[in-house]
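Participant: Chain order of the listed sequences is A, B and C.
Note that full-length UniProt numbering has the first sequence beginning at 1, numbered continuously upward.
Note that full-length UniProt numbering has the second sequence beginning at 1, numbered continuously upward.
Note that full-length UniProt numbering has the third sequence beginning at 1, numbered continuously upward.
No wet-lab data here; the hints were simulated from the structure.
Fair warning: this is a prediction, and the values are worked out from it, not measured in the lab.
Where is the CB? At the ideal position from N, CA and C, for every residue including glycine.
Each hint should be verified, as a subset may be incorrect.
Each computed BS3-like pair below joins lysine-lysine, with the alpha-carbon atoms no more than 30 Å apart [as the list claims (entries may be wrong)]: (1) A:Lys-40 <-> C:Lys-70; (2) C:Lys-70 <-> A:Lys-311; (3) C:Lys-70 <-> A:Lys-335; (4) A:Lys-312 <-> C:Lys-70.
Residues from chain A that face chain C, not an exhaustive set, calculated with beta carbons under 7 Å [stated by the list, open to error]: (5) Thr-26; (6) Asn-31; (7) Val-36; (8) Glu-55; (9) Val-57; (10) Thr-58; (11) Leu-59; (12) Glu-60; (13) Val-63; (14) Thr-74; (15) Gly-76; (16) Gln-78.
Now the stretches of chain A that chain C is said to cover, found in silico as 3 or more residues with beta-carbon under 8 Å [to be verified]: (17) 64-71; (18) 240-254.
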Amino acid sequence: MRLKSLMLGACSVIAMAGFAQAETLTIATVNNGDMVRMQKLADDFTTQNPDIDLEWVTLEENVLRQRVTTDIATKGGQYDIMTIGTYEVPIWAKQGWLLPLDKLVSDKNYDADDILPPIRSGLTYEDKLYAAPFYGESSFVMYRKDLFDQAGLKMPDAPTWDFVGEAARKLTDKNKEMYGICLRGKAGWGENMAFLTAMSNSFGARWFDENWKPQFDQPEWKETLDFYVNLMKDAGPPGASSNGFNENLALFQSGKCAMWIDATVAASFVSDPKESQVADKVGFALAPDKGLGKRGNWLWAWSLAIPAGSKKTEAAEKFINWATSKDYLELVASKDGWLNVPPGTRTSLYENAEYLKVAPFAKMTLDSINSADPNKPTVKPVPYVGVQFVAIPEFQGLGTAVGQQFSAALAGQTTVDQALKNAQQLSEREMMKGGYIK
Amino acid sequence: MATLQTRSAARLMMTPAVLMLFVWMIVPLAMTLYFSLLRYNLLMPGMEEWAGTLNYRYFLTDPAFGAALLNTLLLVGGVLLITLVGGTLLALLLDQPFFGQGIVRLLVIAPFFVMPTVSALVWKNMLMHPVYGIFAWIARLFGLQPVDWLSSLPLFSVTMIVAWQWLPFATLILLTALQSLDEEQKEAAEMDGAGPVSRFIHIVLPHLARAMTVVVLIETIFLLSVFAEILVTTNGGPGTESTNITYLVYAQALLQFDVGGASAGGIVAVILANIVAIFLIRLIGKNLEA
Amino acid sequence: MARAISTRRKLTFTAIGWLVGFVIFFPILWTVLTSFKTEGEAIASPPHFLFFDWTLQSYYEVQSRSNYFKHMMNSVVISFGSTFIGLLVAIPAAWAMAFSPTKRTKDIMMWMLSTKMLPPVGVLVPIYLLFRDWGLLDTRLGLVIVLTMINLPIIVWMLYTYFKEIPGEILEASRMDGASLAKEIVYVLTPMAVPGIASTLLLNIILAWNEAFWTLNLSAASAAPLTAFIASYSSPEGLFWAKLSAASTLAIAPILILGWFSQRQLVRGLTFGAVK
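One chain only, chain A, in its complex shape (with noise of 0.2 Å):
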């Protein structure tokens, strides 16, 4: 691995010194597992493309999000691809920042009709593509097959949340470190509020009624928070309220969690014997619900896309055709194999028999984000669009304020409902400020 990156070190010296007309692409992503193997086999890109450099900057999500905001709403110019997220594309494409993909969607070879209809229409804007998935994922119930047999019990494929609640009550033995659930818990629009949006969704919950008047003073809310107050309170671990999505990756792979609801891309994580202590004994299930109609499983595809300023829109398309097309599938399968290929985003991959081989969670993801609607997410009718975010531009920072509200909920802070009371009065400050209520 060393004598490589030496190898690749000297010939990227050698690149700059020898064609100084080569392009450099500066790529903008997240840390996250699937990336960082993009980033390793982008050697397969360059090798094809040998007048096409690539200079990635690769960081911690909040960060990432932060920067290639504020660089695109300056028009800074110092990216030539963005990976952002099914939140960020409406809003974006809207403003005119992005540039359509009409040259992707018209490449049969790159046969754009195979990508998932939900997640395709997430990255849609007025009927273009604005962006393309590099992984898609809903959310749903990874639990310990192991562990359910022990204790008698019988994890259905559709779950509803009362059984979740009980299961994880009998699984917890606190003083072995064994939590029969792990829930996000970190406060952030993207980290706990994914979740207890989605899971609010179930609950018949909504942000907004139809003229955009917050909703948390309602039973619906009060009932989600609850609920998923007591349960982490008899059945989580401790902490969960600096938890994320990586701490409880971490958690369930050392075999500390029951039962972990989040991400359909951690089916992976989990079930690699490299990473993960428990990998053959995890089974999987639909989110839960509540009998509404609805289950708590939201939907989200990093996706990469090109600011509209761009200069190397060429080079910057044939990157992202590279690394969204069925052979990038095929490629990380013949070298990592095919449990690590980035999930969620094609119909062909989950008709694939080689995968579905070794993805036991393949169909369960597969109907996890065909299930979910962000254009009609909840069981009242609600302006806006997004399961487990509001698609407007003040929600990054609203979510986030309301997310800490139950995030100190969770930590036993405040109660239920001050938490809720407080989440309230912000939304309605936050809705006044931007002008959608009076």
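Chains B and C: place on chain A using the hints.
Facilitator: Okay, now just chains B and C, sitting in the frame of chain A:
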């Protein structure tokens, strides 16, 4: 003493520094002041409009503002207290001759060289983590329930981390001051039969007063804008338990991309900082102008 | 008898001293140790202190993901560059303030220090816009400028307090000899001021090296220093304790070693006029 010539030469020499700093301060400040009066969100370009005092009203009536103000003072005060007391004790210790003194001194000053981000990450994940952290392990060793530092004692935890980083600085300054204390003076006091405690109170402590003032001034400047430690460990939470003014402005600027609101927050923070500065100048004026 | 007591006293202080030193240094020590473990071992409970399979695996992993040396070079250029420029501007200013003080000197000093209290994030957008227009985004030059400005007040103040301790009579004497201003600075002032300048230099390199807000927000790929390097590890997926430790060790090692080697120089001038 100073002739007219040297005086104008002096002015000439000061000019670049003063001018550079003046430009560095006044240009962004003017822009910030202007933005603070606009309704200006980066995510909604083309919608900028005059907003008057709207941004200030929202920032000052933000329920988090009072908490943030208090947290800022608690954080600065707490760290100052820990570093001054701890620094004095450490300086007294390092002033004693013992084996391997040089190495211990290196160990003690090491935290000063660590990046805030790194130290926050290390404390959060390796020490304070309620499951994998060393503190949790120690607690379990004694059969105790591990403390969940960052969610039950967020501000205290942040204070600890920051204090750890600044302890070496206080120690070094106080140690240098201590070592400049006249040996004869100390010995004379010893002859008079003064015990170690009374010697410390009557001779050492007054001698350290100046050094302590310096520590207070420098640390306050840096501590008012503590940010990375909070971002990495608690994200200002749970709730607003560990949000300080800088973090509150950050939330406006980089989470909401509300440039107007963040600018108003920035201006408020500058005013608050200047109040602290005036206070400090009074303090320094008494103690440093000897 | 007296000797026995003092030896015992010395031994007691040795024990306390080492214990305290160990406790304060422990977080760093633990990070370095963990960086040589495998991920599984890094979270083992009870923790393994020394007896584990030492491995460089995490370092390889980190290097294969991001080019450490590029980030380190950027850190070196930015922190040294900004410190040198800062000194260049600050030495004359501090000299003037120390030897030809006027009524307003103290006010100017305090005003300079108060510029440091501006919360950086409040002025991020204005600075970002200016840097965009001047083409300074993601350039080393841009970061050198910002860090120079940020640390200039501290540099000026530190030098000022140090220069003030230099007895004025010596300068008077050299002036009597008819030395010109330039000669006065080069031959008289500089040798006396070297310890103060050296420690100012070191302190500012440390501060610039560790500055994490501007360096992260104004750089992308080509000028990104170690603070950006560490930002990609702050919350990676899954088990990351060993990788995080390796990255942390790499990020702090150069400055820690520099600091340790030059601690005597650092301490000599680090008084801010607190020592009479």
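Participant: Against which earlier hints does the structure fall short, listed by number upward?
Facilitator: As far as the earlier hints go, not one is violated by this structure.
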